[in-house]
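J.: The residues making up each chain are set out below.
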Amino acid sequence: METRNVYVDHAATTYVDKRVIQSMIPYFDKVYGNPHSLHSFGRVAQKAVNDARESVASILHCTPKEIIFTSGGTESINLAIKGVALSKGSGHIITSKIEHPAVLETCKYLEKQGFTVTYIDVDKYGIVNPNDIKKAISKETILISIMYANNEIGTIQPVWEIGTIARKYNILFHTDACQATGALSLDVSHLYVDLMTLNGSKMYGPKGVGILYRKKGVQLQPLIHGGGQEFNLRSGTENVPGIVGFAKALEYAQKEKQQENKRLVALRDNFIKKVILTIPKSVLNGHPTERLPNNVNISFLDVEGESVLLYLNEKGVAVSTGSACSSQSLEISHVLDAIGLTHDAAHGSIRFTLGKETTKNDLEYVLSVLTPIITSLRRISPVKVKKSEIRKT
Amino acid sequence: MTITHKTEVKGKNGENWLYSENVKKHFFHPQNTFKSQEEEEEFEKNADGIGEVGSPACGDMMRMYIKVKNGKIVACRWKTFGCASAIASTSILSEMVIGKTIDDARKITPQDIVQKLNGLPLRKIHCSVLGDKALQKAIDAYEKKKK
Ligand SMILES: Cc1ncc(COP(=O)(O)O)c(C=O)c1O
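Protein sequences appear in the order of chains A and B.
At position 179 of the first sequence (counting the first as 1) the number is 259 in our numbering, and the numbers step up by one without a gap.
At position 1 of the second sequence (counting the first as 1) the number is 8 in our numbering, and the numbers step up by one without a gap.
Hints listed in this document are in silico derivations from the structure and should not be mistaken for laboratory results.
Any given hint could turn out to be false.
[Claimed, not checked] With a cut-off of at most 25 Å between alpha-carbon atoms, the simulated PhoX-like pairs for lysine-lysine come out as follows:
no. : chain 1 : residue 1 : chain 2 : residue 2
1   : A       : K353      : A       : K168
2   : A       : K464      : B       : K123
3   : B       : K140      : A       : K464
4   : A       : K296      : A       : K168
5   : B       : K144      : B       : K123
6   : A       : K395      : B       : K31
7   : B       : K52       : B       : K153
8   : B       : K154      : B       : K76
9   : A       : K342      : A       : K127
10  : B       : K123      : B       : K152
11  : B       : K52       : A       : K464
12  : B       : K42       : A       : K466
13  : A       : K361      : A       : K296
14  : A       : K464      : B       : K107
15  : A       : K464      : B       : K154
16  : A       : K395      : B       : K42
17  : B       : K52       : A       : K466
18  : B       : K153      : A       : K361
19  : A       : K440      : A       : K342
[As the list claims (entries may be wrong)] Derived coverage of chain A by chain B (criterion: at least 3 residues anywhere in the stretch with Cβ under 8 Å from a Cβ of chain B; other residues may be distant):
no. : region
20  : 388 to 395
21  : 458 to 465
[Unchecked claim] Anything over 12 Å on all C-beta distances counts as not near chain B; from chain A, calculated:
no. : residue
22  : V96
23  : Q102
24  : P115
25  : R123
26  : K168
27  : K192
28  : D212
29  : T244
30  : I304
31  : H305
32  : E336
33  : P360
34  : S362
35  : I378
36  : V383
37  : T439
All figures in this text were calculated on a predicted structure; none of them were measured in a lab.
Cβ coordinates follow ideal geometry from the N, Cα and C atoms, glycine included.
Based on the provided sequences and hints, a complete structural model is requested.
T.: Structure (structure tokens):
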């Protein structure tokens with residue numbers, strides 16, 4: 081088979097949809113006013129931001145005032161978690177062990193500032209048990225932050241069940257929905273969230289733009305002070321083209337998700353089945369069905385992920401791995417650690433995340449180059465792990 | 008712009024890990040590896056020394072096999088679990104030792120391996136240390152067997 085470029089790392093980021101690019105273009109050199117300005121240049125820019133906000137709000141089933149535009153997932157998460165923490169002053173936060181570093185590092189920082197944090201375990205699929213959250217709640221608990229879908233293994237969390245518990249105990253609930261933005265329902269009235277983070281760069285929208293949904297009445301301290309934009313919660317001149325592009329991307333992604341998800345799930349499941357059948361000692365990480373439609377995460381036992389990634393890259397295939405080099409040794413991802421994989425199994429993990437343009441032929445090509453790569457790396461590997469020994473005991 | 012798939016990898020903190028051409032050569036075309044299961048079994052049976060270090064839990068694992076004749080290493084094979092620099096380090100080391108006397112092979116240092124590879128990214132230096140240790144262990148095993 082001819083070498084082809086196959087980008088299957090859409091969970092890292094996607095390209096920007098052409099229709100989204102088109103929608104953004106006027107806002108670079110035609111409608112370039114500052115939304116804060118009173119003249120008509122400013123007014124049209126303001127209208128563009130307002131329209132975008134309304135469009136996003138209608139998808140989330142909330143009011144426009146509940147949407148705060150930010151510079152992306154990391155900022156929204158910081159605003160949600162630190163914003164609540166600073167406004168409360170002290171207290172206890174509940175999160176999970178498999179959150180994105182944007183959540184985990186923010187929580188660690190708050191621990192240094194005197195807050196306490198409980199990091200909930202997950203099961204072998206990476207799913208949080210809502211009961212564990214209930215048990216972790218104390219009088220001091222001020223916030224629960226659990227991701228909607230995991231970026232590494234694609235596991236989807238029972239967000240509304242956690243939301244129900246949070247409501248019952250009157251505790252604020254934030255969900256990091258960065259990976260769910262394009263694929264799952266974002267109706268906040270059903271999810272029972274008080275705060276929700278979305279970003280543009282994983283749903284064919286622009287990078288460096290996201291939102292924080294903040295339910296009316298939720299008190300947040302701003303992290304960025306200045307001119308008072310975004311309801312005084314996020315100062316700084318708005319990224320107008322980015323905001324317009326974000327709203328367009330969300331609109332298309334949500335409108336087309338049903339059909340696209342169906343296509344992706346079929347591709348995904350077929351690819352998983354074929355890989356597991358073709359390559360011995362390959363194991364799926366994450367849940368078989370409660371997973372993002374585009375996520376495939378497989379451990380190839382006895383080989384190391386970075387090597388696989390680089391060999392695949394030579395063949396034009398872009399993936400990511402849960403194995404990463406640090407100064408002293410190879411480290412494994414905290415997510416694979418949390419689902420109980422041994423180092424041996426975690427080192428061989430490769431994440432393939434499909435996208436709108438990924439075809440069956442692309443995936444057949446991936447499998448055709450992957451198989452000999454695993455075989456030749458196994459030939460030079462001294463490790464022999466049994467499939468029954470991939471979990472910590 | 009077209010993307011060319013040159014292997015240039017960046018570290019998590021953004022620092023460049025650009026592998027040297029020599030690392031890439033040995034990573035993508037490893038030398039002195041077993042070509043078949045049969046060869047491996049035969050070599051393992053007749054090896055004069057085998058040395059193993061590391062484990063997947065610490066990230067890298069290496070095993071070196073040597074055959075010695077008249078005090079000289081005449082053949083070497085290896086197996087490595089690890090990243091590109093671990094594989095490249097063992098591959099180049101296997102080339103370095105063949106033809107060397109045991110005494111000269113003893114003198115090889117991790118720095119020699121790094122030099123031969125035209126450098127390793129700082130955070131990957133430990134790979135060369137492991138390769139060297141595996142070799143020293145194989146030599147130890149050979150000398151113990153001789154006695
Ligand atoms: C689950 C999750 N949360 C947060 C982020 C951070 O988003 P951003 O890169 O837009 O700051 C990402 C993206 O890497 C993500 O996948």
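J.: If you test the structure against every hint from before, which numbers come out violated?
T.: Hints 1, 2, 9, 10, 13, 14, 15, 18 and 36 not satisfied by this model.
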